[in-house]
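*Asks:* Residues per chain are reported as follows:
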Amino acid sequence: MIEVGFRGLLGEFELDAAFTAPASGVTGLFGPSGCGKTTVLRAIAGLQRFPVGRCVVGGEIWQDEKSFVAPHRRAVGYVFQEASLFAHLSVRANLLYGSTRGDKGGVAFDDVVALLGLSPLIERRPDRLSGGERQRVAIGRALMSHPKVLLMDEPISALDALTKDEILPFLDRLHRSLKLPILYVTHDRVEIERLADHLVLMEAGRVVASGPLNALQGGAAAWPSVSLEAVVTAFDPAYGQATLAVDGGQFLARSREATVGERRRLRIDARDVSIACQAATRTSIVNILAVRVLDAEPADGFDVLVSLGLGEDGRGARLKARLTKYSWDALGLAIGAPAFAQVKGVALEAFP
Amino acid sequence: MDGLAPDLMTSVELTLELAAVTTVVLLLVGTPIAWRLARAKGWWAEVAASLVALPLVLPPTVLGFYLLVALGPQGPGGAIASLWGARTLAFSFPGLVIGSVVYSMPFVVQPIRNAFQAVGDRPLEVAATLRASPTRAFWTVAVPLAGPGFLTGAVLGFAHTVGEFGIVLMIGGNIPGRTKVMSVAIYDYVETMQWREANILAGGMAAFAFCVILAMALIERRLAPGAR
Amino acid sequence: MSKYLPNYYDPPVQKFASLRRPDDFLGRALDVGATAASKESLMRWLRVLTAGILFAALAAASAKADDVPVAVAANFTAPAKEIAAAFATKTGHNAVLSFGATGGLYTEITQDAPFEVFLAADEARPKKAVADGFAVPDSLFVYAVGKLVLWSKSADAVQGEATLRAASFGRIAICNPTAAPYGAAAVATMQKLGLYDALKPKLVQGADITQAFQFVDSGNAEVGFVALSQLAGNSGGSRWVVPQDLYPPIKQDAVLLKKGAGHEAAKAFLAFLKGPEAHEIIEKYGYDFDKPS
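The listed protein sequences correspond, in order, to chains A, B and C.
Position 267 (the first sequence) corresponds to 392 in the working numbering; numbering is contiguous.
Position 32 (the second sequence) corresponds to 1366 in the working numbering; numbering is contiguous.
Position 35 (the third sequence) corresponds to 433 in the working numbering; numbering is contiguous.
Derived from the structure by calculation, the hints contain no laboratory data.
Keep in mind that the hints are not guaranteed to be accurate.
20 Å max Cα-Cα, derived DMTMM-like pairs, lysine to aspartate or glutamate [said to hold, decoys possible]:
| # | chain 1 | residue 1 | chain 2 | residue 2 |
| --- | --- | --- | --- | --- |
| 1 | A | Lys469 | A | Glu354 |
| 2 | A | Lys273 | B | Glu1459 |
| 3 | C | Lys657 | C | Glu559 |
| 4 | A | Lys304 | A | Glu354 |
| 5 | C | Lys672 | C | Asp686 |
| 6 | A | Lys273 | A | Glu128 |
| 7 | C | Lys590 | C | Asp643 |
| 8 | C | Lys598 | B | Asp1341 |
| 9 | C | Lys600 | B | Asp1341 |
Here chain A stands alone, though its shape is the one from the complex (with noise of 0.2 Å):
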């Protein structure tokens, strides 16, 4: 359990932030830039002071109003957004930095470099990695130093879009191997639908929202995606196609080699989701689902979002599709109606 609360000043404004975040998984900071959501993960690491504060990690107090306890004695990993590794040693040194002598707890050297796939890179220096490599090497160097808990500061924001995609599945493959709380700051989206379970939403220094990510997502507010937990129940090597259940239905997904109980992450937009009023037959659509009705927001323009419940009676998981206010008047859609929700097989992604 990680429990965070600090008030100052903050620029501009007045930063006034508290929340509490589980104590394993992916614990997203999103906002808008300059929200305060790196002055936060700094001050939980120690770099920053606010004069009236809180900080509790998993039972240890680092600030409260009687103490503070000075950075390297809390027990943080700490990505920042620029790698910021040490050019004056080797990528071995840089990651056996923060590990102490002989220590066999924790995360061991060999299994971080397999983790993020450090191998080839071990003796180079860091002026001759690129940007990708250099915050893997980033992130692995702060797992050896035994954290309680992962801070992630924007870590691949300052990556071009293919660098972002190369880097992605070892975060995927962190989220799912560790046990470690991972606070991730981040202002785009897709990453936040990507990794994280739990969601804080800041918006100029203060905290907006807070929970898990489906309730954020499917609830009142108008996140147009939605990312669900599912698991694969078969695997069509012929067609690279898995079959993931969901609580409510099931959907057929691209997917690189899977084997069945796995546990995949499904990303599904809003603009890849339609409706129809009865099931099609023939169509190369291949995510036909039951579905009924919960919700409809207008959306920009002549847009409106809709809220659906997987399954006949809707009580399944939630999904989202984006409409235009001519199809939901055309169907003569309303709240409540059953109806079928359709996915292109292309448009879903399984992570990892």
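Got chain A; can you put chains B and C on it based on the hints?
*Replies:* Here is chains B and C on its own, set in the frame of chain A:
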């Protein structure tokens, strides 16, 4: 005159010894000063930096005069010297070292300070998140990254002390083997019209200065972190 | 929970460590602070500098024709200033004085320094000047005879010759014997007394007699050989006027230099030096005059 060559060599040895000792002292004393100045954020830092840089613009005679008074029985120097039964620190090698340290301080502190500033806050923050205490961070991160600055400071301090004249003249007393350094020896030779000896020493010093500057440029190139 | 539309697609902020570092190492090394001179302030500096140089040049050029540059041996500093003042009052000409050790001054003269009159502390140098063609022959004369004094700032340190024999001081100051006659006289005194070898380790040398005086005056040397004229008006401390038989007389010669040969004001200065007003001043400072032996 056969007494000459040993006299020449003595002054050369003395000069090198003075420069070496001064450089070591300045590295030890100047590094903490450079570090505090580099990390300080308040306006007082510039006041302190200006004090350190004073010898850059003060005429050596002014400095020499104040040093003469300070090193003598009327100043702290006398008190220190009385610890071993002497009256004054002037006319002695330790006195010269003190004078040289004051005189060459900006040449050592400035490059080191710049190097520390160039390192910036980030590497030290990274080190802190990796459980390095401020001391460990200083020695394992700040100092290696500031390496070229130390080298520059050491070489500049050494070369500057070798060239020192006005101060040594005022507080040295021109004692062969003790305070008669090369620059004073040249002055002496010129005063007494011993041109040959003056030429030898002066030419040697000029060549030395050139080699120092050249060596520094070459080393800096190779040592800068992340250089080609 | 409030309605909250997450549509943030801000471009990622690229942060660079911007260090404005000059390209050469010296520039970097001496880079005082991060604010390098802007072009404007540099131009302003240059203008001020040029103005200053021009002004100095003009000032020098407009030096009146009746300025007399005089090289003066350091021991004669105080009396020379008084004499120059009296000279100016009497004739309106301005004697511009430069002080230093006789040897150093002579070296400058051989290197074309702009002096017109040379007031040395010995005879050898002015004679050499004539021999080497830098001075006008028959303008040579003895303007004063110097007296050597052993002096200490503390009132009981010097008690005559015994002080040198006891040698209980840590340091004794003299000026450079090769460059200044008072230094040579001090060495001669010690040698005559047979004490030179014993005292040699305690010697400290000033570049000229003024510096030797400074060493004693600041207390860094307990005793020192200085010129009697330097103690004029100073009755403090303790002194021993060294008996004349212990050292060769310090006959101080003045000579007109070639550069001043056609200059009436320079000749006038030397004439004044021989005159009664100058003699009064010189005597006041404890110098003797040359008695035809």
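*Asks:* Indicate, hint by hint, whether the structure satisfies it.
*Replies:* Evaluated hints:
Pair hint lysine 469 of chain A plus glutamate 354 of chain A holds up; C-alpha atoms about 18 Å apart against a cutoff of 20 Å. Straight-line distance between C-alpha atoms of lysine 273 of chain A and glutamate 1459 of chain B comes to about 18 Å, which keeps the hinted pair within the 20 Å bound. Note on lysine 657 of chain C and glutamate 559 of chain C: the hinted pairing is violated, with a Cα-Cα distance of about 45 Å set against a maximum of 20 Å. Between lysine 304 of chain A and glutamate 354 of chain A the alpha-carbon distance is near 18 Å, which keeps this suggested pair within the 20 Å criterion.
Taking the CA atoms of lysine 672 of chain C and aspartate 686 of chain C, the gap is about 13 Å. The hint holds against a cut of 20 Å. Restraint check for lysine 273 of chain A and glutamate 128 of chain A: satisfied, since their Cα atoms lie roughly 13 Å apart, inside the 20 Å limit. Proposed proximity of lysine 590 of chain C and aspartate 643 of chain C is supported: the alpha carbons are some 9 Å apart, at most 20 Å. Distance check on the hinted pair: lysine 598 of chain C and aspartate 1341 of chain B sit about 16 Å apart at the alpha-carbon level, within 20 Å; holds.
Note on lysine 600 of chain C and aspartate 1341 of chain B: the hinted pairing holds, with a Cα-Cα distance of about 18 Å set against a maximum of 20 Å.
Going down the numbered hints, you'll see the structure goes against just number 3.
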